[in-house]
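**Q** Turn these sequences into a full structure, and let the hints guide you.
So the sequences go chain by chain: A and B.
Just so you know, we're using our numbering here: the first sequence kicks off at 73 and counts up by one.
Just so you know, we're using our numbering here: the second sequence kicks off at -2 and counts up by one.
None of these hints come from the bench; they were simulated from the model.
Hints are not guaranteed to be accurate.
Listed next, the stretches of chain A that the computed footprint assigns to chain B, with coverage defined by at least 3 CB atoms under 8 Å from CB atoms of chain B [as the list claims (entries may be wrong)]:
#, region
1, 126 to 138
2, 240 to 251
3, 328 to 340
4, 357 to 363
5, 372 to 380
Note that the Cβ used here is the ideal one computed from N, Cα and C, for glycine as well.
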Amino acid sequence: MNARPGRGRVVAPLLIVAASLAGLAGVLAIAGYDPVLALGALWRGSLGSFDAFASGTLVRATPLILIALGFALALRGGMLNIGAEGQFLAGAMAAAWLGVHLAGWPSLLAIPATWVVAFAAGLIWVVVPVVLRVRYGVLEVISTLLLNFVAEALVSFMVQGPLQERSGIYPQSDPIADAARLPLLPGTRLHLGIVLAILLAAALWFYFSRTLGGFRLLAVGTGPRAAAITGRIDVTRTAALALLVSGGIAGLAGAAEVGGVAYALYPNLSPGYGFTAIAVALLARLHPGAIIVTGVLFGALETGAGAMQRDAGIPAVIVYVVEAVIILALLLADARRTARSPAVAGAA
Amino acid sequence: MRGLLTRLCCIGVVSLSLFSCDRPAPDSSSSFRVALITPGSIADAAWNSGAYAGLLRIRDSLGASVSHVEALTPAAQEEALRSYAAQGFDIIFANGFEFQEPAERVARTYPDAVFVVNSGSRAAGKVIPLVFRIEEATYLAGMVAGGLSRSGIIGFVGGVELPPVRRGERGWTNGARAVNPAIASRVTYLNNWEDAASGREAALALLRLGADMLHHNADAAALGAFQAVKETEGAYIFGANADQSSLAPDRVVGSAVIDLAHAFLLVAREVRGGTLRSEAKSFGLAGDVLRFVPNPRLAGVVPAALSARVRAAADSIASGRLDPLRGEEPGP
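**A** Structure representation (structure tokens):
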């Protein structure tokens, strides 16, 4: 695991994106669409104007960055959290449940309150995997993944049961109170969640690179045996805590999505943020600063995909193929790069 | 980029001007612009594909320039509403109740666009909900089913228990009972719109309970129900939302059709003519937006007397003499 920030880590993925976009232009041309029109729409819809960047790209990037930060924290401790999707939904449920009851509160209290319960809900959602891992050695990869389905089912129960909107007709919750809604950057859809994401990235960067705790976490993640032999590190405890907090951060992402974007609990709240965020974190080599960059990149891709449909008439299915091709190209190129430097490959 | 666009537009304008001189190019130069946002794939052979057909009909009939986007999550949905409104689209069709609140939020910032929310809950300024009285068509389907059923048991597979789905089921049951008061009606909800495997399982369970006439309102998940009927001797099914006879040509007796395209066109005409009022727009058999469409290949299966009764009931419903949700006998 190499924690040093390097310019190559940021520039190389950008070059890969450029290369895959060029390939993409070829594919679009073969499929009979105008690549110039399509890529122009992709650009204009994502990074081409301040409004597109703030109201589209950054809004989509916020949950990705948050979840990726949590994922990176857990993986530094050697824990593979595949269940961020479920923890995100747990946080969203908690935030929506509290949010509808906060009418009349000052925002200064209401917003932190929803964040606290969402963090707690995300954390609680990984308690079972942590216990299974620590007590019985059940791989967290499996247990966190399976709990995603439980969370999805629970959301769909909630929006038709305890949290269903007042008229009892539609599968969604009541809108949350104004007090619990995150402030927006005037004239855009950009909400406070992005500030939370950036602050958290800064805090994690400091923790990873400047504190003893961050060093211990790294030791546990890279060589648990060695870490245990030193006698100074409680390996189990450190790894378990990392996984728990990682779940809490995914829960926070759920609260930010409910408080800043959806304003209510909907069953289709996440298009798979929990999985895309894994690519975001891996591509950034788990570096918090780089995660912001890759998160924005993926946010731009998702927003631009919508613009390609709207403005260039590219069918949704082709857009999804394009997205997948870019992600695969990124990961493939990244893997090749990693393979050439064995020290890093061994650590990741 | 700009040069290429201009060239494309020129080609478009020139080729279209061969047909008529004032018909605009479809993509950029028309002054009347219409957008559609669907919460799912337009390849579902029902709800979203019907809406897409509506968009194309507006393009072809009114010469509007059109655009479509799929938006699966709240984040993407509001983004799409906003983008279209900011680009100055005249009408933005949003194909689902979940667009109601985002549309109202976006409408506050962009007061010029008309937002049409399919199955929306309330009219608010230029946010207009469309309501389809599906029960009027399913009542007629139910009458045919009630007349044809040998076992006296009919079955219904619903997607998610939403009000229009429930209303459709009540119309279906009431229609069957109008013909045969002893009919037993079984109902299953799948809790999703996509899982064709669960649609098939639900249909097979109903068939095992003795149902021989099935109906559904489950979009893509219902494709499994059609499969189940094809595998079961003596079972028949009635399509929903679109004319689905082609899904099982020997087993689909008819379909309760919502002509979304026709409804979209009616709304678009009102917007362009400036006559649209801020109120829910409700459609039924009377405006020819809802219909019961029999499968011509199975026309011989339905007795002439039954067909005549169905036609009479359709007239009674269209003229308001018969309420399919209460299900009074229209009289001989």
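**Q** Out of the numbered hints, which ones does the structure contradict?
**A** Hint check: 4 fails alone, others pass.
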